[in-house]
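K.L.:
I would like the entire structure built from these sequences, with the hints used as guidance.
Residue numbers (our numbering), protein chains in the order written: chain R, 309 to 423; chain W, 137 to 250.
No lab work stands behind these hints: they were computed from the structure. Worth double-checking, as some hints may not be accurate.
[To be verified] With beta-carbon atoms standing in for the labels, derived distance ranges:
hint : chain 1 : residue 1 : chain 2 : residue 2 : range
1    : R       : Leu-347   : W       : Leu-182   : 37 to 43 Å
2    : W       : Gly-145   : R       : Lys-391   : 26 to 32 Å
3    : R       : Arg-419   : W       : Glu-212   : 44 to 50 Å
4    : W       : Glu-152   : R       : Asn-359   : 22 to 28 Å
5    : R       : Glu-376   : W       : Glu-152   : 27 to 33 Å
[As the list claims (entries may be wrong)] The calculated BS3-like cross-link candidates involving lysine-lysine, where the alpha carbons are at most 30 Å apart (straight line), are:
hint : chain 1 : residue 1 : chain 2 : residue 2
6    : W       : Lys-196   : R       : Lys-365
7    : R       : Lys-365   : W       : Lys-188
8    : R       : Lys-386   : W       : Lys-188
[As the list claims (entries may be wrong)] Sample of chain R residues lacking proximity to chain W, with all beta carbon distances greater than 10 Å (derived):
hint : residue
9    : Gln-314
10   : Pro-316
11   : Gln-319
12   : Gln-325
13   : Val-327
14   : Val-332
15   : Ile-334
16   : Ser-335
17   : Arg-388
18   : Lys-391
19   : Ser-395
20   : Gln-412
21   : Ser-421
The C-beta atom is built at its ideal place from N, Cα and C for all residues, glycine as well.
Spelled out, the chains give:
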Amino acid sequence: EPEVTQTPSHQVTQMGQEVILRCVPISNHLYFYWYRQILGQKVEFLVSFYNNEISEKSEIFDDQFSVERPDGSNFTLKIRSTKLEDSAMYFCASSVGTVLNQPQHFGDGTRLSIL
Amino acid sequence: GDSVTQMEGPVTLSEEAFLTINCTYTATGYPSLFWYVQYPGEGLQLLLKATKADDKGSNKGFEATYRKETTSFHLEKGSVQVSDSAVYFCALSDPGATGNQFYFGTGTSLTVIP
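P.N.:
Following this line, the structure appears as structure tokens:
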């Protein structure tokens, strides 16, 4: 069964450094998402992406965050200057169409630790 | 705004016990409802879904019924197994009001002991 893959599984970065989290969505999917889960808290929506542009973003997704689909398969989340509070599990997801009819398929996540 | 409230954990049950994990929601439109499961060290996997009132989602012995009158989507299983030990997340999407993002509950950790 096709799946969403995320790399790396664990990323450790110094505060203030840039970090790029990578995702390969399911190949025939059109919508892509990033969520994060701070330890012990809810899974929170960050951003959705469709047709090569951001379709929706949350308040968390400020100017330090950006997303990109650099080629036909990868979907990346960049944090420009990391802060301690960016430490979390980051999940990528993809779906065929709008969520009402098609569920989102999630990757295994990247655990980001900011030192 | 939209939100999901989920039963606090952790929950510990003996094998073959009956499971209920409560989930209630608030939505401005007509949401679809989902249960996701996260096994240790893995990502979120869709367990079941319901897209309209009175729909029942079911998978792997788990069931949940979309109850609009009580705004609930409680997860049940008649006889749990050790392999069901995981964290369970209730989620909703409400495209009419909020676009295509999901709203998740806090997750309920289930441990099943032999």
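K.L.:
Measure nothing beyond the straight line between the CA atoms of W:Lys-196 and R:Lys-365; if it is 30 Å or shorter, mark the hint as holding.
P.N.:
Judged against 30 Å, a Cα distance of about 34 Å means the pair is violated.
K.L.:
Find the nearest Cβ of chain W to the Cβ of R:Val-332 and say whether that gap is larger than 10 Å.
P.N.:
Given that every Cβ of chain W is farther than 10 Å from that of R:Val-332, nearest at about 13 Å, it holds.
K.L.:
Checking the smallest CB distance to chain W, is R:Ser-395 really beyond 10 Å?
P.N.:
Consistent with the label, R:Ser-395 stays out of reach of chain W, its closest Cβ about 18 Å off (over 10 Å).
K.L.:
Cβ-Cβ distance between W:Glu-152 and R:Asn-359: within 22 to 28 Å?
P.N.:
violated, 49 Å
K.L.:
So R:Gln-314 supposedly isn't at the interface. Is its beta-carbon more than 10 Å from every beta-carbon in chain W?
P.N.:
violated, 8 Å
K.L.:
Is the gap between the beta carbons of R:Arg-419 and W:Glu-212 within 44 to 50 Å?
P.N.:
violated, 32 Å
K.L.:
State, for the Cβ atoms of R:Glu-376 and W:Glu-152, whether the hinted interval 27 to 33 Å holds or is violated.
P.N.:
violated, 49 Å
K.L.:
Far enough from chain W: is every CB of that chain over 10 Å from the CB of R:Pro-316?
P.N.:
holds, 14 Å
K.L.:
Find the nearest Cβ of chain W to the Cβ of R:Arg-388 and say whether that gap is larger than 10 Å.
P.N.:
Fine: 23 Å to the nearest Cβ keeps R:Arg-388 off the interface.
K.L.:
Quick check for students: does the CB of R:Gln-319 sit more than 10 Å from each CB in chain W?
P.N.:
holds, 16 Å
K.L.:
Regarding R:Leu-347 and W:Leu-182, is the given constraint of 37 to 43 Å on their beta-carbon distance met?
P.N.:
violated, 23 Å
K.L.:
Looking only at beta-carbon atoms, does the pair W:Gly-145, R:Lys-391 fall within the given range of 26 to 32 Å?
P.N.:
holds, 29 Å
Checked against the numbered hints above, the structure breaks hints 1, 3, 4, 5, 6, 8, 9, 20 and satisfies the rest.
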